[in-house]
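Whole structure, please, built from the sequences with the hints as guidance.
From first to last, the protein sequence lines stand for chains H and P.
The end of the first sequence is residue 758 by my numbering, with every number in the run present.
The end of the second sequence is residue 198 by my numbering, with every number in the run present.
It is worth saying that the hints were derived from the structure and are not from the lab.
Source: prediction; values computed, not measured.
Hints are supplied without guarantee of correctness; some may be wrong.
[Said to hold, decoys possible] Straight line, CA to CA, 20 Å or less: simulated DMTMM-like cross-link-like pairs of lysine to aspartate or glutamate:
no. : chain 1 : residue 1 : chain 2 : residue 2
1   : P       : Lys186    : H       : Glu697
2   : P       : Lys186    : H       : Glu634
3   : H       : Lys649    : P       : Asp135
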Amino acid sequence: MSAKQKFVGRSVPRLEDRPLLLGQGRFAADISFPGQWHMRVVRSDVAHGKLKSIDTSAALKLSGVHAVWTHADVVQIPPIPFRLTGLKQLEPYRQPVLAKDVVRYVGEPVAVVFADNAYLAEDAAELVALSIEPRQAAMLATEKPGTYARELTTEPGVLQKAYGDIDAAFRNAHAVVSLELTIGRHSGVPLETRGAIARYDEARDVLELHGAAKVPHWNRDTIAHMLGRKKASVQLYEGHVGGGFGVRGEIYPEDILVCAAALKFKRPIKWIEDRREHLIAANHSREQHHRVRAAIDSQGHILGIEDEFFHDNGAYMRTHAATVPDLTAAMLPGPYRVPTYRAIGHIRLTNKTPCGTYRAPGRYESTFVRERLLDAIAAKVGVDKVEIRRRNLIGKSAMPYTLGLDTLGTQIVYDSGDYALLLDKVLKAVGWTALQRQLIERRKTGEKVGVGVAMFVEKSGLGPFDTVRIEIKPDGIVEVITGVASIGQGVETVIAQICADALGVNYANIRVIHGQTDRIARGMGAFASRVTVMCGEATRLAATKLRARVLQAAAEQMQTRADVLDIVNGEIVRAGAPGPSMPLAELARTLPEGLSAEDTFESTHMVYPYGVHVAVARVDADTGNVAIERYAIVYDIGKAVNPKLVEGQIAGGLAQGVGGALLEEFRYDQNGEPLSVTFADYLIPTAREVPEVSIIVSEDAPSPLNPLGLKGAGEGGANPVGAVIASAIDDALQRPGAVTLLPVTPQRLKAVM
Amino acid sequence: MNARTAITLSINSRDHVIAVEPRRTLADAIREDCGQTGTHIGCEHGVCGACTVIVDGEPVRSCLMFAVQADGKKIRTVEGLADGDKLHPMQQAFMDHHGLQCGFCTPGFLMLAVGVLEREPDISDDDLLDVLASNLCRCTGYQNIIKAVRAAAKEMRKG
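Pasting the structure below:
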C-alpha cells in the first residue's frame with residue numbers, strides 16, 4: 006500500500022487551468038447558437054413611481070427588431086419564488102419578471118427588446134419611451150416603515166432569535182456597553198457579468214438554458230414551475246463561470262425572460278448583461294444598521310448581548326428571502342460564551358436594488374458588530390483586545406457546543422474547535438508582543454499606525470444531501486458526476502483528489518461533471534461553502550463502493566480473492582505482491598454493464614470552521630487614506646484537501662473583504678438615483694490596495710461529522726475583514742470606537758479625525 | 040450608423056476579412072466576427088482590463104478601441120500565446136502559482152503582462168505592481184498573480 010500515491014492534502018495543480026489559460030473557456034457570452042436573437046432589457050430610470058404607459062412603437066419600427074415585451078406579455082408568469090429562508094409573510098414582496106404598474110428601483114426591468122444583434126437591441130431599447138409618475142423614494146431602512154402597497158408596509162418581517170434571560174443579564178450587569186454600527190451596501194460583483202442563453206429544441210421538446218451557475222437543479226425546477234413545463238423538459242447547462250460570490254446563478258427576471266421568449270419565438274435568445282446593468286440590477290448585499298449592547302461583569306465577561314438591527318433589502322424580496330438577516334442574527338455570538346442573547350432583525354424595503362447573499366452573508370456584518378463590541382468591552386474594562394477575547398472564548402472542552410439558535414433549517418452546533426489555541430498561533434506568527442512595542446514606538450514619532458485583531462466562527466457544508474455517481478469509462482477515464490456547480494473555486498480538482506485516493510487512480514485521469522441537469526437527477530449546487538464537504542464525502546462514499554465492485558469483478562477474472570487485490574494508479578494489482586495486473590479500463594471493457602457506483606451523503610448539521618485575522622494599518626492624517634501594512638490569517642478548516650487552493654480562497658476573500666471595508670459602496674442620491682454605476686465609482690481593490698497576507702491553514706479540529714474531517718474554506722477570508730480593519734484604525738488613532746461605519750473611505754475617516 | 044466598412048484584422052498572424060459598423064468595438068469584432076472568444080469583456084468602459092490584447096506591440100483595452108482603428112494592425116490575443124501544446128512561460132507561471140481561479144480576468148492579465156515584459160524585460164518590481172494594478176481580478180487577491188508574473192519575467196529574460 007505504501008507505493009500508492011495520495012492526493013488529498015497535497016497542493017497538486019488544478020485540472021481547470023489549462024483551457025482557461027489557453028483562452029478556450031466557455032463563459033456565458035462565448036455561447037452562441039445559429040439564428041439567435043439578442044435580448045436587451047429596458048430598465049426603470051426612476052426609483053419609485055407609477056408606471057403609466059410604455060410606448061414601444063419607435064423601437065418596433067427599426068429593421069431587425071422582432072418584438073418588445075412588457076408586463077402584459079408575461080402576465081401569466083408568477084413572481085420569482087424563494088430558494089432559502091422563504092417565510093410566508095415575505096411572499097407578497099417577490100419580484101415580478103417585468104414591472105406591472107409600479108417601479109421600485111432604478112434598474113428594474115420594465116420591458117425587453119428582441120433583435121437580430123446586441124447593438125440593434127440596445128438601439129431599440131433606447132427608443133422605448135416610459136411614462137412614469139414619480140413617487141417619494143424610501144431610502145433609509147431605519148426610518149419608520151411606510152406603505153409598500155395596499156395593506157403592506159415596507160417592513161415585510163421582523164426576525165427574532167433569542168435564548169436565556171436577557172433582561173436579567175442587563176439587570177444584573179456590572180456595566181453595559183452600547184454601540185450603533187453601520188455596514189455599507191456592497192456586493193460580489195464578479196468580473197463576468199451575468200448572461201443567459203435559452204434555446205428551445207422542438208425535436209426533443211426540451212428548453213435549454215446555457216450560462217447556468219451555482220444552483221442549476223433548483224433553477225431547473227423553478228423555471229419549469231414558473232413556465233408550466235415538466236421538469237424533464239427543462240435542462241440547464243453550466244459552462245465556465247466568471248466568479249460567483251453568492252450573486253451569480255440565482256434566478257433573476259432575465260433568466261425567465263430568455264426562457265419564455267425562446268419558447269414563444271422558437272429562436273435561441275441570448276442576453277448578456279453590461280457592467281452598468283450589473284451594478285444596478287444584480288443582487289446587492291450587506292447594508293445593515295445595528296444597535297447593539299452587551300451586559301458585562303467587572304472582568305469584562307459577557308453576560309448577555311442584545312442587538313436590534315435594520316436590514317435594507319432594497320425593493321423586493323428575491324430568492325434568498327430572509328437568509329441574510331437570519332444568518333446575521335444566528336451567527337452574531339461567534340466564538341464567545343454569550344449566556345443570554347436576543348437579536349431582533351427588521352427586514353426593511355427601500356427603493357434600491359434588491360439584495361441577496363454575498364460571500365460570508367450575515368457574518369461579514371455580524372462579525373463587524375460583535376468584534377466592535379469586544380473592542381468596546383476591552384476599552385470599558387481597561388484590558389487589551391486580545392485579553393478580552395481570551396476571557397470570553399468558548400473552551401475546547403465545551404465542544405461540540407450547542408448555541409441554542411438555528412439557521413438555514415439547521416440547529417447551530419459548533420462541531421469542533423480550539424479557539425484559544427488558534428489565537429495563540431496567530432499571535433505567535435505575527436510576534437504580537439514585539440509588534441505592539443514597535444507600534445508604540447512609531448506612534449511616539451507621530452505615525453498613526455495600529456493593529457487590529459478579530460475572531461470569528463464560520464459555517465459551511467450545508468446539506469441536506471449530495472449524490473455522486475462515478476463511472477469508469479472504457480478508455481480508462483473516471484467520470485465523477487455531481488450535482489454541484491463550479492464558480493471558479495477549484496471543484497474539479499478537489500473532487501478528483503478525493504476520488505483518486507478512495508479509488509486508487511491518478512487525479513489527472515478523473516473528469517468531474519458539474520452543473521449539468523441532464524447528467525444527474527438532483528443536486529444542490531455550490532453555495533454556503535458546501536461543495537468540498539458535502540460532495541467530497543459523497544464522492545468518497547461512491548468511490549469506496551466502486552472500488553469494492555472493481556475488486557470483486559477483478560477477482561473473478563483474475564481467479565483470486567478480492568481481499569488480496571488493490572487498485573494502484575489505475576491498475577488492479579495483488580496487494581504487496583508482484584504478479585499479473587489489469588488496468589481499470591480493461592476490466593471496464595469486459596463488463597457489459599460497465600463499472601459504476603452511486604452514493605449519497607446526507608447531513609442535517611453544518612460544520613463550523615473558525616479563524617483569526619490580524620491587521621496592521623497606517624492612517625494618513627492628511628488624506629484619510631488607510632494603508633494595510635501587514636495582514637495575517639489563521640483559519641482552521643479541519644482538513645485541507647488542497648492547501649494551495651484553500652490559501653487561494655482565503656486570499657481572494659480577503660481582497661473582497663478589504664473592498665467592503667475601505668472602498669466599495671453602492672451609493673444613491675436622495676431620490677434613489679444610483680451613483681455607483683461604473684468601475685470608476687464602484688471601486689474594486691486592485692493589486693495596489695490588497696495587502697500581502699501570511700496565511701496559516703490550520704487542521705487542529707477536524708469535523709467529527711464526516712470521516713475526512715472536512716470543513717469548507719470559501720468564506721473565512723472575507724468574514725472578519727471589516728472588523729479587523731476597524732480595530733486597527735481605532736488603534737492607529739488611539740481612539741477606541743472611532744470606526745462605526747463601513748466602508749471607511751478617506752472622506753469619512755477625515756471627518757472622524 | 041449601420042453602414043459597414045470592410046477591414047482586415049490580423050489576429051495571431053491570421054487575417055480575418057470582416058465588415059463592421061464604425062461603432063463596433065475591437066473586442067466585439069475579435070469575439071463575434073473573428074470567433075476568438077478568449078478575449079473577455081468585463082466592463083466595456085476601460086477599467087477592468089479583461090479585454091486586454093496586444094496591438095502592434097502595445098497592450099490595449101480592446102473595448103475602448105474601434106475595430107476600424109485596428110484595420111491592418113498586428114493583434115495578438117490569448118489564443119496566440121502558447122506554442123502548440125507548450126504553454127507560454129506566462130501561462131505556465133499562472134498555473135504553477137495558482138494565479139487564476141475563475142479564469143475570466145486571466146486572458147487580460149496574461150496579455151497585459153506579456154506585452155509589458157516584452158517591451159520592458161527588466162521592469163522594477165514596483166513598476167510592475169503599478170502595471171498589474173491596472174487590471175481587476177475578483178478571485179485571487181492578486182498576490183499569486185504578482186508571484187506568477189515575477190516568475191515568468193525571470194523565465195522570459197532567459198529567452
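Right, here's what the structure says about each hint:
With a C-alpha separation of about 11 Å, the suggested pair Lys186 (chain P) and Glu697 (chain H) falls inside the 20 Å cut-off, and the hint holds. The straight-line distance between the Cα atoms of Lys186 (chain P) and Glu634 (chain H) is roughly 18 Å, inside the 20 Å bound, and the hint therefore holds. For the suggested pair Lys649 (chain H) and Asp135 (chain P), the alpha carbons sit about 10 Å apart, so the restraint of at most 20 Å is met.
The earlier numbered hints are all upheld by this structure, with none contradicted.
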